Amino acid sequence: APAAPAAREAFAAEGKPAVLVDLAPDLSRGILLLETLGCFGCHNIKGYETAEKVGPDLTRIRAKVQPAWLVRWIQEPEALLPHTRMPSFGLSEREATAIAAYLLKHSEPAPRAAGTYSPAAPAARGREIFGQVGCYGCHQLREPDGEAKASTFFAQVERDFAPDLSGLASKVTGPEWLFGWLKDPKAFRPTTVMPSLRLSDAEASALTNFLLTLGKGEATPPALLAELGKPEVIEEGRRLIGKRGCFGCHEIRGFEKAEKIAPDLSNFANKRLLELFFGDAQVPQTWEDYTFWKVKQPDIYATERIAQLMPNFRLNDGQVKALRTYLKTFSAEPAPHRRFLRTLSDAEQAVEAGRRLVRRYNCAGCHVIEGKGGDIGVHFASPAAAPPPLILRNGLLSEGEKVQAPWLYEFLIQPTTIRPWLTVRMPTFGFPSNVVTGLTGYFNGQAGMPPTSLTYVGPLDGSLVAAGRRLTSRDYFDCFSCHQQGEKKPEGPPEGWAPDLALARRRLRPEWMVKWITDPQKVQPGTKMPNYYPGGPDDILGGDEKRQIQALVEFILSLGR
Numbered sequence: 008a009p010a011a012p013a014a015r016e017a018f019a020a021e022g023k024p025a026v027l028v029d030l031a032p033d034l035s036r037g038i039l040l041l042e043t044l045g046c047f048g049c050h051n052i053k054g055y056e057t058a059e060k061v062g063p064d065l066t067r068i069r070a071k072v073q074p075a076w077l078v079r080w081i082q083e084p085e086a087l088l089p090h091t092r093m094p095s096f097g098l099s100e101r102e103a104t105a106i107a108a109y110l111l112k113h114s115e116p117a118p119r120a121a122g123t124y125s126p127a128a129p130a131a132r133g134r135e136i137f138g139q140v141g142c143y144g145c146h147q148l149r150e151p152d153g154e155a156k157a158s159t160f161f162a163q164v165e166r167d168f169a170p171d172l173s174g175l176a177s178k179v180t181g182p183e184w185l186f187g188w189l190k191d192p193k194a195f196r197p198t199t200v201m202p203s204l205r206l207s208d209a210e211a212s213a214l215t216n217f218l219l220t221l222g223k224g225e226a227t228p229p230a231l232l233a234e235l236g237k238p239e240v241i242e243e244g245r246r247l248i249g250k251r252g253c254f255g256c257h258e259i260r261g262f263e264k265a266e267k268i269a270p271d272l273s274n275f276a277n278k279r280l281l282e283l284f285f286g287d288a289q290v291p292q293t294w295e296d297y298t299f300w301k302v303k304q305p306d307i308y309a310t311e312r313i314a315q316l317m318p319n320f321r322l323n324d325g326q327v328k329a330l331r332t333y334l335k336t337f338s339a340e341p342a343p344h345r346r347f348l349r350t351l352s353d354a355e356q357a358v359e360a361g362r363r364l365v366r367r368y369n370c371a372g373c374h375v376i377e378g379k380g381g382d383i384g385v386h387f388a389s390p391a392a393a394p395p396p397l398i399l400r401n402g403l404l405s406e407g408e409k410v411q412a413p414w415l416y417e418f419l420i421q422p423t424t425i426r427p428w429l430t431v432r433m434p435t436f437g438f439p440s441n442v443v444t445g446l447t448g449y450f451n452g453q454a455g456m457p458p459t460s461l462t463y464v465g466p467l468d469g470s471l472v473a474a475g476r477r478l479t480s481r482d483y484f485d486c487f488s489c490h491q492q493g494e495k496k497p498e499g500p501p502e503g504w505a506p507d508l509a510l511a512r513r514r515l516r517p518e519w520m521v522k523w524i525t526d527p528q529k530v531q532p533g534t535k536m537p538n539y540y541p542g543g544p545d546d547i548l549g550g551d552e553k554r555q556i557q558a559l560v561e562f563i564l565s566l567g568r
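At position 342 of the sequence shown the residue is numbered 349 (the working numbering), and the sequence of numbers has no breaks.
None of these hints come from the bench; they were simulated from the model.
Accuracy of the hints is not assured; some may be wrong.
Said to hold, decoys possible - When the alpha-carbon atoms are kept at most 20 Å apart in a straight line, the in silico SDA-like pairs for lysine to any residue are as follows:
{"hint": "1", "residue 1": "193", "residue 2": "121"}
{"hint": "2", "residue 1": "71", "residue 2": "169"}
{"hint": "3", "residue 1": "529", "residue 2": "539"}
{"hint": "4", "residue 1": "379", "residue 2": "113"}
These figures come from a predicted structure and were not determined experimentally.
Make the full structure from the sequences, and use the hints.
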């Protein structure tokens with residue numbers, strides 16, 4: 008094998024994952040890869056002691072998947088989902104069958120679904136729902152011609168965030184399980200990041216029936232079912248799971264207290280060559296080359312006597328080099344660069360922690376955040392019909408600067424309708440309180456505000472409120488031709504509406520409202536909100552446009568009382 012280029016970047020803080028910085032792109036990519044692939048499932052790594060398993064909980068797998076599909080998935084995951092994070096273990100069909108047998112035997116029954124499934128619900132309506140409510144934010148869908156109906160977002164991530172659903176009919180046990188999952192994912196798997204879209208029974212039934220048209224649903228052959236039930240096959244599956252360390256990524260009954268199967272990597276950068284097993288591989292005897300091929304093609308070091316248990320993650324050369332760069336920082340020795348590192352402020356720490364939460368819950372699948380993501384918008388007729396951006400780099404929009412922290416905290420727990428013209432829905436994630444606090448702190452930190460900043464709306468100026476009321480009237484800006492005002496809805500169809508201004512007092516920061524009204528196109532390029540300034544009327548407040556803008560803010564804030 009040819010020599011692999013040496014690592015060039017090694018800038019991690021000791022004892023914790025390194026801060027993601029654009030000045031070290033290989034390092035940043037390596038961190039993302041390690042956390043996405045879940046290397047800490049098999050290896051102890053300092054800083055990742057409490058990291059959550061990256062694979063799904065398998066304790067209720069029997070209710071979810073067809074046994075034949077499970078066997079094929081364990082043997083060849085990449086054949087079913089080419090971009091899955093599940094690695095290839097090189098298992099035989101016999102070994103895959105044994106592992107499946109153990110998982111199915113030790114599977115708990117699934118809870119009963121909330122609601123009533125309707126077999127007659129039209130699949131055509133389900134296809135519409137799939138495209139409308141936000142499923143494309145996380146999932147791909149391939150059309151009959153094999154083309155992926157997904158945006159470029161999926162070409163930019165290292166692995167699919169959620170499964171491609173194109174062959175779902177061959178995977179799931181039937182409509183009852185799928186309906187229950189769509190209605191309430193956390194009832195089936197409490198640790199899932201799949202949120203609830205608050206689907207009605209009719210919507211969930213139609214979506215179920217559409218998804219079951221994707222692929223071919225086939226029953227498991229009786230001979231395979233018989234093989235899966237044999238005690239000796241089940242026992243062989245138990246042995247293989249323990250040997251291969253499947254429990255490192257998945258919750259599996261019987262392996263709750265199992266120890267990690269692979270070496271500790273916390274001091275891997277300091278490994279001497281005599282500590283690295285090259286086997287018979289024709290690889291240059293350097294740490295860099297050993298690591299490159301260990302990550303790229305682990306079985307290259309296998310011999311007749313010594314097998315290599317590490318699976319193949321199907322990484323390209325760029326991904327391998329990035330991961331190697333991060334591994335080069337895994338050292339117990341004091342890093343010389345430590346004296347050059349600056350201590351992060353509370354806001355910066357909140358941003359770094361929040362970025363991991365944004366990635367974990369795939370917020371950028373729907374929203375533009377830090378100038379990236381939001382490509383779900385290609386599935387909608389216009390940007391106004393897609394989920395709104397949260398942090399732009401080509402404008403001044405920042406969610407933390409825009410909205411009040413208490414409102415955001417409550418909204419993340421229980422989303423409410425802000426833009427009634429949207430079909431796409433902000434899901435209910437069922438976030439624990441620490442995640443809600445972390446996300447709120449992230450957006451505040453991005454805006455340069457303390458993680459728990461509060462907004463005080465003081466007494467309003469009566470004369471400015473009156474002037475603002477005139478400015479919003481039909482004689483001037485006619486704001487309520489688009490904006491909802493509490494229960495008063497604008498004329499025309501909802502797609503022409505704008506957010507309810509009665510919510511502004513609790514939702515928006517007054518200083519941001521001034522910036523927005525002054526130049527909405529500068530704050531959020533492409534917004535359908537028109538620019539009224541410069542060009543305000545001369546007969547209100549003597550034509551003083553700054554006071555007119557303040558008057559509009561004061562009047563809008565008065566609506567929420």
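**Request:** Assess, step by step, whether the Cα of residue 379 is no farther than 20 Å from the Cα of residue 113, and give holds or violated.
**Result:** Measuring from Cα to Cα gives roughly 42 Å; hence the hint is violated.
**Asked** Going straight from one Cα to the other, do residue 193 and residue 121 come out at no more than 20 Å?
**Response** 12 Å, holds
**Asked** residue 71 and residue 169: Cα distance at most 20 Å?
**Response** At roughly 16 Å apart (the allowed maximum being 20 Å), residue 169 and residue 71 satisfy the hint.
**Prompt:** Given the hint that residue 529 pairs with residue 539, does the C-alpha gap stay at or below 20 Å?
**Reply:** 13 Å, holds
Of the numbered hints given earlier, the model fails hint 4 alone.
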